[in-house]
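Student: Residue numbers (this note's numbering), protein chains in the order written: chain A, 4 to 351; chain B, 3 to 619.
Quick caveat, the hints were computed from the structure, so don't treat them as lab data. Predicted, not measured: the structure shown is a model, and the values here were computed from it. Glycine included, every Cβ here is placed at the ideal spot set by N, Cα and C. Heads up, a few of these hints could be off.
Said to hold, decoys possible - Distance windows between CB atoms, simulated:
#, chain 1, residue 1, chain 2, residue 2, range
1, B, ASP259, A, GLN257, 36 to 44 Å
2, B, ILE55, A, PHE249, 55 to 63 Å
3, A, ALA239, B, LEU480, 56 to 64 Å
Stated by the list, open to error - DSSO-like, lysine-lysine: derived pairs with alpha carbons at most 27 Å apart:
#, chain 1, residue 1, chain 2, residue 2
4, A, LYS196, A, LYS9
5, B, LYS255, A, LYS326
6, A, LYS166, A, LYS150
7, B, LYS413, B, LYS481
8, A, LYS326, B, LYS413
9, B, LYS430, B, LYS481
10, B, LYS205, B, LYS165
11, B, LYS525, B, LYS7
12, B, LYS430, A, LYS32
13, A, LYS32, A, LYS21
14, A, LYS32, A, LYS150
15, A, LYS326, B, LYS254
16, A, LYS9, A, LYS19
17, A, LYS9, B, LYS430
18, A, LYS9, A, LYS21
Unchecked claim - Pulled from the structure, derived: some chain A residues nowhere near chain B, Cβ distances all over 10 Å:
#, residue
19, LYS19
20, ASP57
21, ARG132
22, ASP158
23, GLY184
24, GLY194
25, GLY270
26, LYS277
27, ASP286
28, LEU291
29, GLN300
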Amino acid sequence: MTYIAKPRLHHPSLEKNKVGYTRRDYEGKVSTLCAGCGHDSISAAIIQACWQLDVEPHRVAKLSGIGCSSKTPDYFLGASHGFNTVHGRMPSVLTGAALANRELLYLGVSGDGDSASIGLGQFAHAMRRGVRMVYIVENNGVYGLTKGQFSATADRGSVSKKKVVNNDSPVDLVGMALQLGATYVARGFSGDKAQLVPLIEGAIRHGGAAFLDVISPCVAFNNHEGSTRSYDHVRAHNEALNRIDFIDLAPEVQSSAEVIDLRQSDGSVMRLRKLHAGHDPTDRAAALAVNQAMQAQGEVATGLLYVDPAARDLHAALGTVAKPLNQLGEAELSPGAAALARINAGLR
Amino acid sequence: MSVVKRIEAVNDFVVKFANVNGSGSASANELFAKAVLRMGVPVSPRNIFPSNIQGLPTWYEVRVSEKGWLGRRGGIDMMVAMNPQTWEQDLREIEPGGYLFYDSTRPLPASAFRDDITVIAMPVTAICNATYEDPRQRTLFKNIMVLGALAALMEVDTAVIEKLFSEQYRGKERLLESNVRALQAGASFAREHLKPPIGLRVKRADAVGERIFIDGNAAAALGCVYGGATVCAWYPITPSSSVAEAFIGYCKKLRHDPASGEARYAIIQAEDEIASIGMVVGAGWNGARAFTATSGPGVSLMTEFIGLAYFAEIPVTIINVQRGGPSTGMPTRTQQADLISSAYASHGDTKHVLLLPQDPKECFEFAAAALDLADRLQTPVFVMTDLDIGMNQRLCEPFEWDDERRYDRGKVMSAAELETGREFARYKDVDGDGIPWRTLPGTHPTQGAYFTRGTTRDAHARYSEAGPDYVYNVQRLLKKFTFAAALVPPPEVRAAARRTRLGVIYFGSTAPAMDEALVSLEKAGIPLDAMRLRAFPFPASVNEFIDTHDQVFVVEQNRDAQMRQLLVNELEVDPARLVPVLHYDGTPITARAIAQSITRRIHQFAVAPAPAKERTR
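Make the full structure from the sequences, and use the hints.
Tutor: This is the structure in structure tokens:
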């Protein structure tokens, strides 16, 4: 992490979005990750997506666990509150925060060690509950901050920088998220920003638990020959199922052999250009099947695998009031002395 | 029976019911206790149950005490022995001159009894089998028939029990009628065959007053409702589960928007204790009042998060209903053995606020107070109850709430305050109490945002591993903790009737037994000044109390004298001044045990110096 803030000098000609912010207003501190780290590209994609969607920076809460990926919330959205929690436990903290104030956008950033190893349980249960959030795993198959141990998402047979072969089966978070009930499941690649930015935008617009697995090569420990998470390997084996052309508040919705328009609960329409014949992104079982079929061929399915455009979230399930819980006062929370006298009377 | 006189006692005795778990005995036993209470005589019932749903032995002990002693007394005057598995053990517990009530359907040899007790035989199973066809009714009404018989034997007014039935079965007339019939059948049998009354009798009195009868877990849950908790995240664990369950029940009744019907609360049964505390931390960080309820093993799992909440300064309320440890320990038995693991939970240098309620009334008050203190101090606050208080109904003063009371939300800087240009430095001590100001996420477009982390930071929340930044921060945390001593509920001191150089310190569920022991010790010529601790950190008055006494007994329910350790450690008291009085077999401490232990220790102090020749080596 860093205490170096970027200079706040803005060029007067910088373009502003509808809420009056320039792209620079979405930046954070200078990254201390290695030069060329995929995670920095993801941070840039988050900045781009938030700016394009006119998200007010201070209405975002950024939460993360521990590890290289979990440091990144300090490097974007400097005007947002951030919380670097404990290893593998970001999902529970995010859940509690989301319960306290349903009006903010919750952005959870985690890594493959954080979510697929120590935090696998919390990852799973947050998906089950349908917490409204954008949950991004920056997946590099390796523990970077402790210098190159395999993580639980490393492919079987993958070779480490120290020439160790990984014998364990990988945890596939996309497959798990699909099974556990996430309502927006996508996979991206940090080397393909054109694909990644709209995937993040679609997740921001989503009304339930949105999960993004972003393959993000570790230039220091997992970018060599024999790694299945290197830039070269992922570029060669990345098979996009579709591309999100745009996300807008479009009134018209169309559907054809090439495109499908999906209207999410906030009214925005996401136009999806199909690249893989026959994949219906609203069919959970089909998403599981195509994900596994491609894995079996050594390919990595990317794009929007599944979305339930009308997803409900945890607050809907709990029936909580519209006003954020953290803004309720004594009048709304304390039943009062008269009610207590009745309770006392019933206890005699 | 020829030599031992049978016990004669009105409104002052102990009845114990020995049953099989899952046989429906609990509700009948509770009716007995409530009926006595309704006759104006204080009772204190205690459930002694196994970690089991069906089949293992379970007991229900009811102390009837017009004088109002609510602690366990020790010894049993009447055993209602309905469980053959525990017959021998149950028989042994009866005081000489006491009574045994048993189901005589199957004859027992004379050798199965004692000759110094009164044996009351009722063929309960045979009567039930003759009366009812349905096997389920046979079991259920057996308990009610016993209740009827006991009422006749002890002169408990059956009309009072019928009134309780009618409250319980409102709108279910058939159930009401069949219960009344079983009750009357039991009473008639007793009147005809068992020669009532026996020496133990209940007589109407006026010793209950306005007091209420509730368990501590429900009281703590209600305290959380009144205290403004909006988020509860929990994981089931005995003996704390009923805190969350009661919170669910009270919220359903008291916390829905009258117009829309929407919930003004969110309750999550998490996947484990780590997730429950994580959710509480997240909610607290985001400005909602949040709590979890757990027991020792849960606190063990939560310690990493508790350390984070301490270091990153996030309000957290934890209701720790203690049970017997370590490990799975005695999950259905009581202890006060999590003091140290809660007070110092987490790696690194940490200290946490503990509140120590003595009864359901204080469970209610301290739960609400904990939510205020957590917000004020921006730190974890524990409400340390135990199974004895938490899961047993206890007579206590009625709950009180002042509608003028305002929640203390602590130092939260608003958008308007930020607009005035007031400096915001998240971890800076600007007021001299060690407590910094915080902002909530989403407050202001350009000011007040900061990054919360478990790593070291400077006063402006910027990552720093510089020694001076670290030291400033942890010293400020210590200052805050010292300041907390002035905010927590102060100890209660009771001076003995005569001047004494001896004192006693106690806390929590020990209180009712201690109250009684103090009176009996004073009668025996051992007056003691008493201090009931109600919180940690200790205010200066604790030090003064210890200083002004030669010896101070510290009475607690754990093996390692954990409160004594905290006192020695935090106040730097000479350990020789603090004499441990310990009880830790999983049963609630008794007045007899306290009085005996203290008396024995006093006799030891009084022993004359050993002869010179023995002291020469």
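Student: Next step is simple, just say for each hint if it's right about the structure.
Tutor: Against the structure, the hints come out as follows:
1. B:ASP259 / A:GLN257: 36 to 44 Å: holds (40 Å)
2. B:ILE55 / A:PHE249: 55 to 63 Å: At 58 Å between Cβs, range holds.
3. A:ALA239 / B:LEU480: 56 to 64 Å: holds (57 Å)
4. A:LYS196 / A:LYS9: holds (23 Å)
5. B:LYS255 / A:LYS326: holds (20 Å)
6. A:LYS166 / A:LYS150: At roughly 14 Å apart (the allowed maximum being 27 Å), LYS150 (chain A) and LYS166 (chain A) satisfy the hint.
7. B:LYS413 / B:LYS481: Cα-Cα ~16 Å, so holds.
8. A:LYS326 / B:LYS413: holds (22 Å)
9. B:LYS430 / B:LYS481: holds (12 Å)
10. B:LYS205 / B:LYS165: holds (18 Å)
11. B:LYS525 / B:LYS7: holds (25 Å)
12. B:LYS430 / A:LYS32: Holds. LYS430 (chain B) to LYS32 (chain A) sits at ~21 Å (cutoff 27 Å).
13. A:LYS32 / A:LYS21: holds (24 Å)
14. A:LYS32 / A:LYS150: Roughly 24 Å separates the two Cα atoms, so the pair holds.
15. A:LYS326 / B:LYS254: Distance of about 18 Å is within 27 Å: holds.
16. A:LYS9 / A:LYS19: Satisfied, since the Cα-Cα distance of roughly 19 Å is no more than 27 Å.
17. A:LYS9 / B:LYS430: Given pair LYS9 (chain A), LYS430 (chain B) holds - Cα atoms ~23 Å apart, limit 27 Å.
18. A:LYS9 / A:LYS21: The hint holds at about 24 Å.
19. LYS19: Per Cβ check, LYS19 (chain A) is outside 10 Å of chain B; nearest 14 Å; holds.
20. ASP57: holds (13 Å)
21. ARG132: violated (7 Å)
22. ASP158: Holds, because the least Cβ-Cβ distance between ASP158 (chain A) and chain B comes to about 28 Å, which exceeds 10 Å.
23. GLY184: Holds, since 14 Å exceeds 10 Å.
24. GLY194: holds (28 Å)
25. GLY270: Label holds. Min Cβ-Cβ 22 Å, cutoff 10 Å.
26. LYS277: holds (37 Å)
27. ASP286: holds (28 Å)
28. LEU291: holds (23 Å)
29. GLN300: At roughly 34 Å from the nearest Cβ of chain B, GLN300 (chain A) sits farther out than 10 Å, so the non-interface label holds.
Figure legend: structure checked against the earlier numbered hints; the only hint not met is number 21.
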